[in-house]
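Participant: One-letter residues, chain by chain:
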Amino acid sequence: MKKILNDPEAYVDETLAGLCAAHPETYRLVGEEGRAVARTTPGRDGKVGIVSGGGSGHLPVFTGYVGAGLLDACAIGDVFASPTSEQMADAIRVADRGAGVLRLYGNYGGDVMNFDMAGDLVEIEDIETTTVLLADDVASAPPEEAEKRRGVAGMVYAFKIAGAAAEAGLDLAGVTRVAQKTADACRSVGAALSSCTVPQAGKPTFEIGEDEMEMGMGIHGEPGVWRDTLRPADAIAEEMLDRLLADIEIGGGDRVSVLVNSLGATPHEELYILYRNVHARLKAAGAEVVMPLVGRYATSMEMTGVSFTLCKLDAELEGYLKAPCDCAFWIVK
Amino acid sequence: MKKILNDPEAYVDETLAGLCAAHPETYRLVGEEGRAVARTTPGRDGKVGIVSGGGSGHLPVFTGYVGAGLLDACAIGDVFASPTSEQMADAIRVADRGAGVLRLYGNYGGDVMNFDMAGDLVEIEDIETTTVLLADDVASAPPEEAEKRRGVAGMVYAFKIAGAAAEAGLDLAGVTRVAQKTADACRSVGAALSSCTVPQAGKPTFEIGEDEMEMGMGIHGEPGVWRDTLRPADAIAEEMLDRLLADIEIGGGDRVSVLVNSLGATPHEELYILYRNVHARLKAAGAEVVMPLVGRYATSMEMTGVSFTLCKLDAELEGYLKAPCDCAFWIVK
Amino acid sequence: MITVADLRAASLRLRDAMEAEADALNAADGALGDGDLGVTMRRGSRAVAEKAEDLPEDFGMALMACAQAFTKVSASSYGTLLATGLMAAAKEAKGREGIDPDELPALLDAAVTKMMARGKAELRGKTVLDSLDAMARALTRTDDPAATAVQAAEDAQVAFRSKPATVGRARIFGEKSVGMDDPGMLAMTKIVKALTGR
Amino acid sequence: MITVADLRAASLRLRDAMEAEADALNAADGALGDGDLGVTMRRGSRAVAEKAEDLPEDFGMALMACAQAFTKVSASSYGTLLATGLMAAAKEAKGREGIDPDELPALLDAAVTKMMARGKAELRGKTVLDSLDAMARALTRTDDPAATAVQAAEDAQVAFRSKPATVGRARIFGEKSVGMDDPGMLAMTKIVKALTGR
Ligand SMILES: Nc1ncnc2c1ncn2[C@@H]1O[C@H](COP(=O)(O)OP(=O)(O)O)[C@@H](O)[C@H]1O
Ligand SMILES: Nc1ncnc2c1ncn2[C@@H]1O[C@H](COP(=O)(O)OP(=O)(O)O)[C@@H](O)[C@H]1O
Ligand SMILES: [Mg+2]
Ligand SMILES: [Mg+2]
Ligand SMILES: [Mg+2]
Ligand SMILES: [Mg+2]
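Chains as they are written, first to last, in my numbering: chain E, 17 to 349; chain G, 17 to 349; chain B, -19 to 178; chain L, -19 to 178.
In case anyone wonders, no lab produced these hints; they're calculated from the structure. Just so you know, not all the hints are guaranteed correct.
[Claimed, not checked] Partial pick of chain G residues on the chain L-facing surface, computed with a CB cut under 10 Å:
| # | residue |
| --- | --- |
| 1 | Gly93 |
| 2 | Gln103 |
| 3 | Glu161 |
[Said to hold, decoys possible] Computed Cβ-Cβ distance ranges for the label pairs, DEER-style:
| # | chain 1 | residue 1 | chain 2 | residue 2 | range |
| --- | --- | --- | --- | --- | --- |
| 4 | G | Gly302 | E | Pro340 | 35 to 41 Å |
| 5 | B | Asp(-4) | G | Gly302 | 32 to 38 Å |
| 6 | L | Pro36 | E | Ala300 | 41 to 47 Å |
Small disclaimer: the values here were computed from a predicted structure and weren't measured. Each residue gets a CB set at the ideal place from its N, CA and C atoms; glycine is no exception.
Full structure from sequences and hints, please.
Facilitator: Structural data, given as structure tokens:
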């Protein structure tokens, strides 16, 4: 197990302790069990709160995106495991500035059930909540069942854009509408070259040959749509973009942001090799690439692989995407 | 070879093409062979130029740190190989705004010889140059031979602090003095858990057992000071900090920045587990940690492992460290 | 009558069984899912067993305490659904010292109803719901509730084996999932065996 | 006399030899260093061989063209030092059609001097400098310069094997490097063998 850790059971708590010690101006632990993180400087009174939550092991997702112009608070589960509804309720309570709270997170069974329960818990305390689910992974269900898809790196766009809308003063219905519009505008697909190891499991989640890759793999190592020998970068980029463009129309005059994301181990060098291909192709299709993101925005710890996300923009979304934000992992000036 | 690439020979050129396509507001290719990158918006007339250079495969080092308040230009070699003196001369020429150019780079044989030759080449063109070498890797030579040490992640501090000094209007001698002071204030040490693969070599640079780690390993995979079974995070953190503190005194009242750096694959989660330990210990020693950096600042592509860098600050260095900068990998507001 | 004393003993058997079966359940879940079902059940049943001594004598409140202990350490789909079902049964049994075996179908139906609402899934979808429903149906006509429950869970697991998965990540492997046990149904068979001591 | 025609033929032999020895040189360098010496020599000698046809007839200018071709593709320590040495020799031989074998010691000395300045290293440090110096010394007293050069390079390599490394990353493994060939000296033996066709 090529991991640097102490007790596997303490992996998440020690990570959060280090995160808050390194960036006390941004993050603070809240809640009874120390499994909710909130902005050190809360949003102003009357700002709509935005909370997310989910399993650990995806930094910067989810906790890392707590910050000005992004999330107000976040509940953190064990690696790849949902937080409990109590932890989510802690996050919702601290995020509430009197204008209600949007629950903005990925479509995973455990997370959905627990965020629903958390909503029930805070309802009695007169905190109004809404929900927007990210379901951007095109490999996880066909278009006819798009609502069953899982949420992956597209949530980075949703956090950013909804966060800016809340900062701009929209009310809960408005922020929820903008978040839903962003969720609807995002499509993602991933490809994995190697597994990661869940600390408590102690061995790689899946086996994959030295020269193999898997297209469409889930961010917890769930099986993908095909497994074959490793292809050249351009072939990978082309297939991944094909899969996205089959699901969302992007053509002449469209404005689109694209996220070329490392799942962890894949280095920046290789992300740029891929981006080069994506950029040329979108440009050739007549689309304008706006604020491309290339880096580690949503990971599975040390997994080797990449994901692509397209976020099709209108003027409203583009404005919020470019608005300022500030957390330890992402600053927009 | 778990890498995403096309032709291994094109790895670096395709990376640079993607980098410049993604961030045209920051980076542009210059020079005959396209192996120098410069700021898209050059520094103002009369600003001292700062150039760096070295082998590829270390993003954000070196090229990524071209930007406002950082480097003006950079020469880029093949993976882990020095750029040529001509490429370095290209970088120096474009960085010159009439006030001379500081060559600021790591102490490696090929780089030193070629930067010396590049200095000869531009001297005839009346460009004044100075040199500051980073030699921060304590594992690469004992204190008595400190000038023979290699340059590793400490250069991130040197780029940042010298970059701010140049932006602040210091002349070439002043910027050189500040850069040298920073170089003298930095100590680094690394530990590797797995190798990376040089694209042109096609196989891992070194073999290391599934449960082994190596202390003091070089960033190109050069052998370290001991190899043994993988230790717990706290034991690793303690030994690494011990090795640094044996070389630079840090105690009550000192102000110090610390970089906990992933060599590539090691995820943020684990960096924070380590940082937690380092932070507590420096605090217990009475030192104040200023602007800690936790992330991927100087990598060896997909290598698993970490490095620690301490940068002991005085008021001048701290001011420049906190000054604004802006590149695709690092923004300070 | 099934009392809180029975619940205490059953919770210890459950913990031991899940300790032993954790790897098998992880593997079953890992075939098409994220491979954490054994972790869920081990952590959850450990937490419940730890509370065994302190369970209140009110049978309903005791079930509620079990649900809360489970949910505090495990928030996966399966753990959350089990806790939801337990809470529904707890409401039915509140204020009583124990329940009669012939009340079991009503408790199971109450659990399944709430679990369907929580998980937004239907019966006959090859999930733990079908195991519980099969037990509820079978327990209406039996003299040996323990044996019947085990048999019903096993039969359901086998009967649905040839159907495609309809929930979770396994769903997208429609055809591939045919012939494989639903991990949640498999787990329920093992749970009922442990609870009844078979 | 050694002419540009000889240089052309030698450069092709060098390319073939380095093609064949690249892995071995990488491995020798990788033992304590970064393992790129074979890459350096393969790329550099390929670049020189490609220029062979177009080398100018002025022997000094031809050496200069070789140095430039090498340095354009390889800027490692070894490549840079070789190019530096070649340029120094080129200056000595400029304006001539060829050189006499008994001028070799002077050319080698000129190369070593410049290489010492460039690499800030001394003689007797177990580096390629010692191979070149050994050849220069041996070539002052010989009738068979080719055989002598090869023998001197080999002898130097063997003689320094028992000394510790003093340059580059290998230096920090003082004791560990004892008994191992310096990769640059090993490469020089292979280079001289190829150039002289032995
Ligand atoms: N929405 C649902 N409704 C009913 N049962 C479900 C539902 N989701 C999951 N299950 C059951 O839970 C099992 C998987 O549980 P678990 O491994 O905890 O899921 P995950 O890891 O996806 O959160 C499935 O085999 C199925 O029996
Ligand atoms: N400063 C120096 N002076 C003389 N010879 C040197 C020097 N540095 C390296 N060498 C020679 O070059 C060889 C290593 O070359 P190379 O692999 O290119 O180094 P690196 O990869 O460190 O740049 C050594 O074995 C030695 O013979
Ligand atoms: Mg599961
Ligand atoms: Mg799960
Ligand atoms: Mg080398
Ligand atoms: Mg080298």
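Participant: Which of the listed hints are not met by the structure?
Facilitator: 5
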